[in-house]
Amino acid sequence: MNCVIEGNCVKAFGKAIHALSRIGDELWLDPMVKGLALRSVNSSHSAYGCFLFSPLFFQEYNFGSASKHGKETIKCKLLMKSVLPLFRCLTSIERSVERCRISVSTATDRVVIQFFCRHGIIKTHNMHFQESEALQAVFASHLCPNVLRAPARLLADMVMHFPPFQEEITLSITAMKVTLRNYQEGGKGHMKTLCTEMSLHPDEFDYFQIGLDSDITFCLKELRGILSFAEYHSLPVSIYLGAAGKPVCFSVDDMVLEGTVLLATLMDSESNDHSQPTEPRSPTTPRGVNSSAQAVDAFEGPSSMHHDIPAEMVTSSQGSPVINSPNRMHQNMWPACLSLPGSTCTSANTSPASTKICSLLFKAVSSKQDDGACAAQPPVLACYSDEENTDDNQPGSPSL
Amino acid sequence: MKFRGKIIDVACLNHFTRVVTTISKLTKTCVLRLTPDNLFFILSGKVTNGGVSMWCELLQNNFFDEYQMEGVSSEFNQICLEVSPENLSRALRTVQCAKSVKIKLTKKHCACLTVAAELPTLSSASRVVTHDVPVEVIPRRLWQEFKEPVMPDFDVSIYLPPLKMLKNVVDRMKNLSNFLVIEANMNGEMNLKIQTDLVSVSTHFKDLGNPPWGEDASQDGGPSQRGDPELLAEATVDIRKLQQFLVGQQVNPSKAMCNIVHQNVVHLILLHEDVSLQYFIPAVA
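Residue numbers (the numbering used here), protein chains in the order written: chain B, 31 to 430; chain U, 39 to 323.
Because the hints were derived from the structure by calculation, they are not lab data.
Since no wrong hints were added, every one of them can be taken at face value.
Straight-line C-alpha distance at most 30 Å; calculated BS3-like pairs for lysine-lysine: (1) U:LYS142 to B:LYS207; (2) B:LYS251 to U:LYS146; (3) U:LYS231 to U:LYS66; (4) B:LYS64 to B:LYS111; (5) U:LYS137 to B:LYS251; (6) B:LYS41 to B:LYS251; (7) U:LYS137 to B:LYS222; (8) U:LYS140 to B:LYS251; (9) U:LYS140 to U:LYS44; (10) B:LYS222 to U:LYS140; (11) U:LYS66 to B:LYS251; (12) U:LYS185 to U:LYS146; (13) U:LYS145 to B:LYS207; (14) U:LYS40 to B:LYS222; (15) U:LYS146 to U:LYS66; (16) B:LYS222 to U:LYS44; (17) U:LYS146 to B:LYS207; (18) B:LYS222 to U:LYS146; (19) U:LYS231 to U:LYS63; (20) B:LYS222 to U:LYS185; (21) B:LYS251 to U:LYS63; (22) U:LYS66 to B:LYS222; (23) U:LYS293 to U:LYS212; (24) B:LYS222 to U:LYS145; (25) U:LYS137 to B:LYS207; (26) U:LYS142 to B:LYS222; (27) U:LYS63 to U:LYS212; (28) B:LYS222 to U:LYS84; (29) B:LYS207 to U:LYS44; (30) U:LYS142 to U:LYS66; (31) B:LYS222 to U:LYS63; (32) U:LYS140 to B:LYS207.
Computed beta-carbon distance windows for the label pairs: (33) U:GLU95 to B:LEU242: 49 to 55 Å; (34) B:CYS119 to U:VAL110: 56 to 62 Å; (35) U:LYS205 to B:ARG125: 31 to 37 Å; (36) U:PRO187 to B:LEU116: 53 to 59 Å; (37) U:PHE114 to B:SER264: 52 to 58 Å; (38) B:LYS153 to U:LYS146: 52 to 58 Å; (39) B:PRO115 to U:PHE217: 38 to 44 Å.
All figures in this text were calculated on a predicted structure; none of them were measured in a lab.
Note that CB positions come from ideal geometry on N, CA and C, so glycine has one too.
So that you can see chain B by itself, here it is in the shape it has in the complex (with noise of 0.2 Å):
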């Protein structure tokens, strides 16, 4: 594969690689017919960030390896490190570098990325990478009961409100009003923190469809990068959520990209039903396991996908995965199983440990951990790799 992107372009795909490093610390390249796919995902698999780039937005977009007919594309994966000091500065870029040219060779395993700049300099950039499995998330957008559309500035002002190091929110959607809050679990910790609450009128959305009244809680640290994106390209974000649990798309469009971020929830927790759903402080229970598995059933057949959001194929799944994860967030349970059709979450144990999550993207399969036992990453039965990366040498060396 290799592409060419024009001088005014090359920021966009900079701002682009920004958002996905806010989500995880690796990059997936996933050239493919209809455009080039950036992805990330984090290490819980609560998050997961797509940017489509199609053939339009390329001066030159050659996707194939030139050499070998019927082999089949190349998905690479690259280290985040690795890729974003290359666009750090998006503001001497935009001075300097005329065109950027983007190309993947399997002989030597390395993604060449050189960057063509004024007065006759061309910086050159060689990266190891991991041939790997596209990641991919099945979310079908079509059956969220609510949507939305925003301006992006409507976005980024409220979420303003919120310190920078405020881990998650919660939105509150009723048929009057749009309400975000700050969300901290129960416990003394709470008493000393500020609560922010703000609340947003219909009138206020380019687009507002109600079907169902929800709270959901979800990692707003992720979400600013693809906001961040949309604010910049003055693009309106839309948003797809259903009940406590469902995961949450955040996607931008544009004739020539799309970009989508999709959040794991918080799941509701049967045992505060009397209370506000947006409390859950108890472990997953097994009606949070089994609504997880109704996830999954909604979530079958990824063929009709909503124009917005690109269509997306799940791949390959097997078993729940479960993971455990060390990071903080995840310690109280958020087991958004987006989907894995012909996998039963069920299988996901009901223990009370509560530190179970329901992965995203469900290429990886868990085994049991206990709480706090701080995840020696579960053994991944599906192929892509979550070793420890050195990009040095893994040739082609499918993980796993």
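Once you have looked at the hints, place chain U on chain B.
For chain U alone, coordinates are given in the frame of chain B:
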């Protein structure tokens, strides 16, 4: 106990936010005392904060367009709350463009100061953002800890050099030593000195001027005031405390003064139009 205040003017909101932000840089928690005419941010000198104490007084009329309070009782018409100024500052900083900001004492999961801001929006409904700053009500029996500090019987009173300049000097001295000697006399001279095994550095300021009350006080027969304006009074303080004080100052005050009680305490006074801030740094032995 009730408290409700409203700020409408953008400049007042800005000013108030800056005051709170300055306080937040000086201390992690302090006491907010509300009376019908004033607000006070108080830090009482305790071992835990290294003996440093602070008193900041604001005239409520200069900031609030509406201000209603009802104290603990009619006899003791005050409210004392322990608050984290950092939280309050954060809440205020995000709402600088608000049409109006209301601050009220409320009870949510605990006692809170709720900052409710009305933000302008494109649609007809205006957006309300609320920040709940948790506070703790201080019972009346503890109020005597939070009284206005008396002006110490100082030996020297002098105007400070421009705070930025002072901050630059102190910042560089901080790299060399933990303790700084401040000395000054009634002739407008001030020296900052540090001394280590390897090096000693001193910075001299001249023609600073002395506030008029310096002379009045000396007539009471304060020690060594009379007759010798050249005599230097000094105090050795922990340089980090001085630096902390200087770092937080965002606006140049109309008057900045320093009173020194020889080998005892350094008393810094900053006067702005509607805010006064006093800061006491004890001398180290």
